[in-house]
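Listed below are the residues making up each chain.
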Amino acid sequence: MHSLFEKSRRFLDLPLDLGPRGLLVLAVLLLVPSYLFPLWTLTMFAPQYGDGLRMQIYSWRLDGGNGGQDIKEINVLNHYIGMRDLTTADFTEFKWIPFVVGILALLMLRTAVLGKMTHLVDNVVLYLYFGAFSLWSFAFKLWSYGHHLAPTAAVKVDPFMPPMWGYKKLANFEVYSYPGVGSYALGLVAVVLVLAMALAWREGKRSLARAPGA
Amino acid sequence: MRQMSGKWKATAAAAAIFTAALMVWQCAPSAPKGAKKGPANASDQSVAAMKTYVAPGDLDDFYMFASGGHSGQIYVYGLPSMRHLSTIPVYTPYPATGYGFDDESKAMLGGLTWGDVHHPALSETNGDYDGRWLFVNEMNGRVARVDLRDFKTRQIFGPMPNISGNHGSAFVTPNTEYSMMASRFSIPIPKGKSVPIDKYATEYKGVIAAVKIDPKTGAMSQGFQILTPPFDWDLGDAGKKISDGWMFWTCYNSERATGKLEVTSAQKDRDYIAAVDWRAAEKAIAEGKGDLIGGVKVLDPKKVPGIFYLLPCGKSPHGVDVSPDGKYVIGSGKLQGVTTVFNFEKIQTAIRNKDFTGDEDGIPVLKYESIKDAEVAVGLGPLHTQFGGDGYAYTSLFVDSAIAKWKLGTWEVVDKIPMSYSIGHLAAAEGDTCTPKGKYLVGLNKLSHGRHLSVGPSQPESMQLVDISEEKMKLLYDAFTEPEPHYAQIVAAKTIHPIEVYPKEENKNPLAIWDVKDAGVTRQGTNVLAKVVLVRSTITPTAIEVNQGDTVKIVMTNIEQTTDELHGFGLLDYNINIVVDPGETKTVTFKADKPGVFPYYCTNFCSALHQEMQGYLIVKGKS
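Same order as they appear, the protein sequences are chains Z and G. If you're matching positions, the first sequence starts at 11 in the working numbering and goes up one per residue. If you're matching positions, the second sequence starts at -9 in the working numbering and goes up one per residue.
None of these hints come from the bench; they were simulated from the model. No experiment lies behind these values; they were computed from the predicted model shown. Possibly wrong hints are sitting among the right ones.
Unchecked claim - Coverage of chain Z stretches by chain G, computed from C-beta distances (three or more under 8 Å per stretch; other residues unrestricted):
1. 55 to 63
2. 70 to 83
3. 105 to 113
Said to hold, decoys possible - Keeping only pairs whose Cα atoms sit at most 27 Å apart, straight-line, the calculated DSS-like set for lysine-lysine is:
4. 181/G x 202/G
5. 105/Z x 151/Z
6. 181/G x 179/Z
7. 436/G x 166/Z
Claimed, not checked - Beyond 10 Å from chain G on every Cβ pair, some chain Z residues (computed):
8. 42
9. 43
10. 45
11. 52
12. 95
13. 148
Here a beta-carbon is modelled for each residue, glycine too, at the ideal position from N, C-alpha and C.
Work out the full structure: start from the sequences and follow the hints.
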């Protein structure tokens, strides 16, 4: 038990060399696409909509295909089943996600400058928590839209969970839901952070092995 | 050291796999699953082409009379070529045939220049088309009769008192005893009475009306009306064979709601189909029952029981269609995924046994479970059903944008075919008669986008010809039409026998003249009568002189007896445009209020010297 604490203390005391610090800067750069590209994309096809209706969820707004018209069309269709309108204002996520991503970027840059494993561990834990919470938040949002249907709706449908990943048939629509470029970049950030940690660990072990008295 | 390196490798490998998994680029396809890539199977195309190809000079097998919606017209097509053959103007002036410009057709239009044509109904004998007349309703409470001997509108009956929004029309009974009407928009009656909207549920009334048809001439006259709760009556069909004597209508808004109806009228899980014993109603009227409202005898089902029943039917039904044998009444709740089949015999039993679950303003509501034979899971948004000759039914599905084919009796859905896009009604060859012909079916679609050369924002509607002669339905042809085909009638070509000239001996117009010697202008005070002869290639007289302020009546007779020798009479600056068919006489009366010289000429090309067929109206100024 004592040796485990000792091991973890030694691990947390590890300094970060150029490699891990470079990876942290890369991670920060990989956060940038989450502001520029969609995090998630929903595509819906029906016989009447052969060209598809498209919705892109950015970290800070909703956008629709066809110059935004597709969102309006999706809302028109959803109102028949009593689903509330999809609007940018309805997503609190659009307020906190960009803010939190900025905070995380600053914390990562801080780690890159200070070069401590403890900070990197903080970064990884916070980042994974952010990722998991965001995914849960998104899933819950989808669930809420599909489950809080107005009881006065003209067309009664059973509450449903829209697809989060992949294909689902909903009434006359084929619905496809996949992450967008922004989310793939955010996924890479996690990979890069873990790589930075692994690299720092490897280097630390090497230097410990080299150190006299080891 | 070696061990550490192994751990590092394991970590690196895990990271690489994770990255790879993330990077397997997942995104939506660019087209729906069913979308065909590239040209359809070549042999299918050639089969479809051969089935629809009517060689130059050859004739089609069927006529299709399609409603022109708010164009106020009827469009005539030939099937299977889907060629547009002619337009029959009914409720709208139509310069191409001079309709609405001459005195007679102008009077028939009654000052209205539009009508929202919905459901054409061919006259029937024993439940089959007899090829005599076409009745067609429009929303301003009117029904018109087109004579199929000359494809001309011969009578416009109405606006009908008490009826507002005549949508559930012009369905005829199996021996064309009546053409039926039903109000879509309930109002306080008689018309002219104003009641606040918050009294809608009790003070507003729905009305159904039976328009009597003379069996010999087709002339329409006032029949009777029945008062109903303020439901929005939608579509109807007459019973046939065992259900002859009954009439069925669907309704929405049995909630009696007002305001935002798309929500307020869609709250109950079931609305109603009205089952009306029109023979019993006819008898009650003959016995002197009913009250005079708005000048028409109106029966109140509360006071005259036994003529009106309500069948609960899945939410906001649109079509109600009686099977060829008259046994089944099929109601399609458009906000559901099933179409409901009611059994006529069970309806009769329930009525006899008073198997009711309640009433609406004294009208008994039959118990759903006792009268229903099946709920057929046809697909989303069922609207309207037609029949083939082989025991199959075809139901249009608006939301699914498809047609479902299903078997009567086993209620099994055997095939589905997509429609492009959002099909409303459908029409099968004689598909609402006692003996449907099968063979063809036409989907009358609401959206056409992307399937034709673009013509700007005002898009045509789409009509698709489907082959129903085999087990699987096959799409044969896309055709496009002006707005808006709500329903159509398809009848075997051999049933219709039009004339091509009006025989001289049948022309009973006292002002008709048949010799250029008789042509001329006579005057009585300020009334001027010009008798005109139209024949290749002169309009006689070639000059008509009148005084400013005169009332001028021009009577034109086309004395030709040759097919296709139509002559026109276009009078410039006076908005007069008459077209006279061979053997026909037409009259136009107008006030010559503008002085000057006004050319008139033949508008309908007739001969090598057509250009020379011209003359002058000379209006001498007052001063």
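Do the hints match the structure? See the list:
no. : hint          : result
1   : 55 to 63      : holds (count 7)
2   : 70 to 83      : violated (count 0)
3   : 105 to 113    : violated (count 0)
4   : 181/G x 202/G : holds, 21 Å
5   : 105/Z x 151/Z : holds, 15 Å
6   : 181/G x 179/Z : violated, 49 Å
7   : 436/G x 166/Z : holds, 24 Å
8   : 42            : holds, 18 Å
9   : 43            : holds, 13 Å
10  : 45            : holds, 19 Å
11  : 52            : violated, 8 Å
12  : 95            : holds, 15 Å
13  : 148           : holds, 16 Å
Hint check: violations occur at hints 2, 3, 6 and 11; the rest are consistent with the structure.
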